[in-house]
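Colleague: The task is simple: from the sequences and hints, build the whole structure.
Protein chains in written order, with this note's numbering: chain V, 1 to 98; chain S, 99 to 489.
It should be emphasised that the hints constitute simulated quantities derived from the structure, not laboratory data.
Subject to a maximum C-alpha distance of 30 Å in a straight line, what follows is the list of computed BS3-like cross-link-like pairs (lysine-lysine):
id	chain 1	residue 1	chain 2	residue 2
1	S	K396	S	K109
2	S	K170	S	K120
3	S	K221	S	K396
4	V	K15	S	K221
5	S	K414	S	K425
6	V	K15	S	K110
7	S	K110	S	K396
8	S	K396	S	K407
9	S	K120	S	K110
10	S	K414	S	K396
11	V	K15	S	K109
12	S	K170	V	K15
One-sided and incomplete, this derived list gives chain S residues near chain V with beta-carbon spacing under 7 Å:
id	residue
13	G159
14	Q174
15	G189
Computed from a prediction, not measured in an experiment: that's the story for all the values here.
Using N, Cα and C, we set each Cβ at its ideal position, and we do this for glycine too.
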Amino acid sequence: MIRVVLPAHLRTLAKVDREVQLSVPALVTTRSILDALELAYPMLCGTIRDHVTRQRRPLVRFFACEQDISHDSPDVPLPEKITSGSEPFYIIGAIAGG
Amino acid sequence: MSAVRVLVGTKKGAFILTSDAKRQKWDVAGPHFAGWEIYHLKGSAADPDRIYCSQSSGWFGQIIQRSSDGGKTWEQPGGGMQKGPGGMPMGESNKFVYNTSPTGHPLTTHQWYDGTAHPWEFKRVWHLEPSLHDANTAYAGVEDAALFRTADGGTTWHELSGLRGHGTGASWQPGAGGLGLHTILLDPTNPDRMYIAISAAGAFRTDDGGKTWKPINKGLRSEFMPNPTAEVGHCVHRLAIHPSRPDTVYMQKHWDVMRTDNAGDQWREVSGNLPTDFGFCIDVHAHEPETVYVVPIKSDSEHYPLEGKLRVYRSKTGGDEWEPLTKGLPQENCYVNVYRDAMCVDTLDDCGIYFGTTGGQVYTSTNGGDSWNPIVRDLPAVLSVEVQTLK
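Modeller: Shown next as structure tokens:
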């Protein structure tokens, strides 16, 4: 199972705790994680990426194994620690504003 | 036993204030959707337990919330757990997609502040207007300016693109707060007629249920424009009607309070003796179609009352002659603003009037404005106030 950590406001929307676990098909990528997340929690559609363009929202960032992968292609395979579930995939609201 | 339910949208959540018809003692519930900007909530006239809410965030975008029990519980329409492929659309209640079909109309760009062409980009829902007759039908006024409609309780939204496509859309420019469609008035006597207003494009009317639109800005004068009497480009802040006289529309423009008696075909200024005719909100007494309320604001760069005195002005003559209403309102060191969607009236016999401020106060008057009392004093900055009169 893939572990995903959500920012606080999205946890409230999805009515979940800090971390959710998802079944994601092989070749785990940012795109496949987001696809699985939105399938399981459709109330999150449009909050992380645009409905139509599928582009990441400007103030949302993605981290894997302590690396900022927000600007990587969403189709790049993610590290083994993410695919094995030993490390979570982080979705973070950018630090903006006081 | 009658009661009222006041729906308050703030910068950091929604609040629901309830009272019996005396409106002396209030229960305060909230914050709902804590930490999110709540631009607007509004209840359905067809089913008062149905309330629509616009929830938004610079980080996570637009959310539509819906209540079917008067605001006790909320749901994102169509946002429940996925039950399997092939079902109804899921998770699309916040999907506002502009119509870019090849209509031959300039639907792809509007003007930016500097006059260059700028693509239409959805940012948020400013105003939700439920149908007068069907609880599952509602209209959404959005930024960048466009009008959307749902007929399935907010599960899906579709643009009424005849508005942007009627011919002047490419020349619309944003106001200081953005290119927002903020006012939607439904004519209770004619289901095909609707008024809308956009900052800073002007007022528009449809007479065929939203298929086609025309600008209704004749008589407006805006000195900031190269052509002060142009067909569009006016920064209309708010429109208001009395249900019994839907052809008479009052307008708080950027500067000037205006009135039309022929459904917008011709406007005339009724600012009269107002100390400043800049402001955002305007509303009409529930039982006196010629009694109108505004909150004058000092100027377009100084968004607070003149002399630090919070005064509602009332005209009992449909404009021109105005009197200040001050009893119960702060008359020194008050520098709050009252936004365009933050004034409303109930329909009880003695017509309650309500408004909210950027200082977090929500005031009410139960005697036509002669005196005011705060319902709450310390909410986050108030963006909108609506009231439901419950029988």
